[in-house]
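Undergrad: Given the coordinates of chain A, assemble chain B onto it according to the supplied hints.
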Amino acid sequence: MSRTSFRFGDLRVVALGLVFVLAWAGIGYRLFQVQGADAAVLAQRGFDQRIRHETIEAKRGTIFDRDGVELALSVYGKALVADPSLVEDPSEAAALLAPIVGADYVELAQRLDADGRFTYVARGLENSVVDRAARAIEEADLIGFSFEDAPLRIYPSGGLAAPVIGLTQVDDGAGIEGIESVMDTELAGRPGKRVVERDQAGRAIPQAEFLLESATPGSDVILTLDREIQYVAERSLQAAINGTGALGGTVVVMDPKSGEILAMASLPGFNGMDRTTLDPSAIRNRAVSDVYEPGSTLKVVAVAAALEEGVVRPETPFETPPEIEVVGETYADHGRHPPVMTVTEIVAQSSNVGTIKIQKQLGDETHYRYLDAFGLGRPASIDFRGEATGRLDHVSEWCGPACGASAAIGYGIGATTLQMAAVYATLANDGEWVEPHVVNEIVAPDGETITTEPRRRQVISAETAQTMRSMLRGVVEEGTGFRADIDEFPVGGKTGTSDKFDVETGEYSETETIAWFIGIAPIEDPSIVAAVVLDTPTGTLADGTELKFGGASTAPVFAEIVEAALHQLGVSPVHQDNE
Amino acid sequence: MTAGAIPRSAARHAGGRTRTRPVVRPLVIFVLAVIMAFFAVIYSRTSLDRTAFELQLLDREIATEEQRHWDLRVEHARLQAPNRITERAAELGLVYPDDRQTIEVTGVESAVGGPEDRWTELRALFVEQP
Numbered sequence: 003m004s005r006t007s008f009r010f011g012d013l014r015v016v017a018l019g020l021v022f023v024l025a026w027a028g029i030g031y032r033l034f035q036v037q038g039a040d041a042a043v044l045a046q047r048g049f050d051q052r053i054r055h056e057t058i059e060a061k062r063g064t065i066f067d068r069d070g071v072e073l074a075l076s077v078y079g080k081a082l083v084a085d086p087s088l089v090e091d092p093s094e095a096a097a098l099l100a101p102i103v104g105a106d107y108v109e110l111a112q113r114l115d116a117d118g119r120f121t122y123v124a125r126g127l128e129n130s131v132v133d134r135a136a137r138a139i140e141e142a143d144l145i146g147f148s149f150e151d152a153p154l155r156i157y158p159s160g161g162l163a164a165p166v167i168g169l170t171q172v173d174d175g176a177g178i179e180g181i182e183s184v185m186d187t188e189l190a191g192r193p194g195k196r197v198v199e200r201d202q203a204g205r206a207i208p209q210a211e212f213l214l215e216s217a218t219p220g221s222d223v224i225l226t227l228d229r230e231i232q233y234v235a236e237r238s239l240q241a242a243i244n245g246t247g248a249l250g251g252t253v254v255v256m257d258p259k260s261g262e263i264l265a266m267a268s269l270p271g272f273n274g275m276d277r278t279t280l281d282p283s284a285i286r287n288r289a290v291s292d293v294y295e296p297g298s299t300l301k302v303v304a305v306a307a308a309l310e311e312g313v314v315r316p317e318t319p320f321e322t323p324p325e326i327e328v329v330g331e332t333y334a335d336h337g338r339h340p341p342v343m344t345v346t347e348i349v350a351q352s353s354n355v356g357t358i359k360i361q362k363q364l365g366d367e368t369h370y371r372y373l374d375a376f377g378l379g380r381p382a383s384i385d386f387r388g389e390a391t392g393r394l395d396h397v398s399e400w401c402g403p404a405c406g407a408s409a410a411i412g413y414g415i416g417a418t419t420l421q422m423a424a425v426y427a428t429l430a431n432d433g434e435w436v437e438p439h440v441v442n443e444i445v446a447p448d449g450e451t452i453t454t455e456p457r458r459r460q461v462i463s464a465e466t467a468q469t470m471r472s473m474l475r476g477v478v479e480e481g482t483g484f485r486a487d488i489d490e491f492p493v494g495g496k497t498g499t500s501d502k503f504d505v506e507t508g509e510y511s512e513t514e515t516i517a518w519f520i521g522i523a524p525i526e527d528p529s530i531v532a533a534v535v536l537d538t539p540t541g542t543l544a545d546g547t548e549l550k551f552g553g554a555s556t557a558p559v560f561a562e563i564v565e566a567a568l569h570q571l572g573v574s575p576v577h578q579d580n581e
Numbered sequence: 245m246t247a248g249a250i251p252r253s254a255a256r257h258a259g260g261r262t263r264t265r266p267v268v269r270p271l272v273i274f275v276l277a278v279i280m281a282f283f284a285v286i287y288s289r290t291s292l293d294r295t296a297f298e299l300q301l302l303d304r305e306i307a308t309e310e311q312r313h314w315d316l317r318v319e320h321a322r323l324q325a326p327n328r329i330t331e332r333a334a335e336l337g338l339v340y341p342d343d344r345q346t347i348e349v350t351g352v353e354s355a356v357g358g359p360e361d362r363w364t365e366l367r368a369l370f371v372e373q374p
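Chains as they are written, first to last, in our numbering: chain A, 3 to 581; chain B, 245 to 374.
In case anyone wonders, no lab produced these hints; they're calculated from the structure.
From the three backbone atoms N, C-alpha and C, an ideal C-beta is built for every residue, glycine too.
Okay, the calculated beta carbon distance ranges per label pair:
hint	chain 1	residue 1	chain 2	residue 2	range
1	B	Thr308	A	Ser216	14 to 24 Å
2	A	Glu480	B	Arg344	16 to 26 Å
3	A	Ile29	B	Met280	28 to 38 Å
4	A	Ser283	B	Thr308	33 to 43 Å
5	B	Gly337	A	Asp276	28 to 38 Å
6	B	Gly337	A	Gln240	18 to 28 Å
7	B	Val285	A	Ile58	26 to 36 Å
8	A	Thr57	B	Gly337	45 to 55 Å
9	A	Gly104	B	Val285	47 to 57 Å
10	B	Leu271	A	Arg52	35 to 45 Å
The following block holds chain A by itself, in its conformation from the complex (with noise of 0.2 Å):
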């Protein structure tokens, strides 16, 4: 029998393969766990950690105006963005970056040097900006700064028609103010969604499995505003407003066939590029938002109203004494005027007395129907939030013959510049009252148009508007309203005058005035209703007449707008020698 006799060598070699067998159990171990046991787990968080859910934006809609030019416009812009824990000078790279993204050194400061990852420097990055920028911090070596994408939208006319374009948020587009904010969601579109995989850099995996969710982009919306005439109505606004002192002032400048507006000032305005200079109390549209009470200019509603009714005729004659008392009220006229004068002569001459004697024969409940069927009490469109609805109480709730007398001549009902424009427009279109509209068309991104008929009704007929207008002429020819004659076309308008009402007081001002003038031109064949409103003009002209009368300051002021208008739309003169 044999011996096997031990040998170390072989304990070594033993050893050596048991390390090996127990390696590769090992590495098949892991082998089984990752390719077998946990494949499915280890492959999702891979797979999670390359893939990325991303939202595309839809490119935000564009706003033009009635000839198809750019108000409002979305471009790919940039967003400066930052991560606080890799700044390592906050106050000196605020000091660099302010300056030229146009941000607040200090606030910037601060927020560079805050806890937490991720700040913004500044959105919606013009690409110069962006390039100033980029260079800036290149060579300032600072770290812990990037650019990501990000859609800035453009007003490449400024302030032009602010108040009516509105505004967007600066962090995701929408809407907040004017047809930015009421046709929101038409402008916005709808986002789409990516799925993509991207490499550790961040980078895209080229060919690598992504899904795709097209974005929608927004619908364009075409306005009935032109450029134009906007800015001769801006422009001649202001310098109104900065001969008179006045605190602001509106306009509103309609087709009256179409109900189209074809501008919409209100001022103090602001620039929508331009937000850190932004003044909050400035960004609402005043000619849909602020209330007044329209003075003489609704006398226009108790005469076709009474005329309509066949209640008086243009030349019945009225007594038209200094001043009238309706129980205990005592009404006064401006300046000096004939004992007796026929309705005409009291529509040109803006008579008080001679209108309240036309109500008291119209009745209350007759005027009160005429006054809601010219659109007072309501908002007169649908193309803008928050516009005012006015006040006009119904006739039940009037205090009797003074609130009679008190309406016709323009006191107790408030009105905006629009319902006011679209009073006369009415007059101007035959007695016949259309929606006043800003919005033209919707046109969807495959071509498809949408189109809202604006809404119409028959208020007066067509004989008692074009007598209307006869007297409004008068009103420029021989009236309180010679100053908004102009020589190339006949124009018709009505004054007015309201003193401010002082909530704290509760009492009228005796100096505080809103000039109002309201016209329509040419008035045979009308094209345009202009209205002019300045809130609280001072100052006197040379011959002495004060500026806070509407025939002094807001009378020309329609003038000046509407011979550009006329002109801009192509209207031809009328020679007014030969009529």
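TA: Here is chain B on its own, set in the frame of chain A:
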């Protein structure tokens, strides 16, 4: 002389047995096919990658051109802004005329299309715009 040195022709007949010739040609063809397939796969893969990069480059170019398109539209609109034109006109010494003279030419229709004509053109562009 060793056995290995026996000439092939003599060995072929040794013992009266004929040795079958090894099948080399199909093997070579197979190996070549495998190699070719390998290179084909590699080539197609690199081609795909190259195409992907080219596509990415084109995407980037499209994005750049698109951005340029919108930048130009902004520039175009800015240049048309009435306030800018008024300022430039004032700088050049142009003023509004105090007195206008209107000359009416009868029997001449406007040669320029109205807003509707302009919009027909623009609507066609809406569909094409990026």
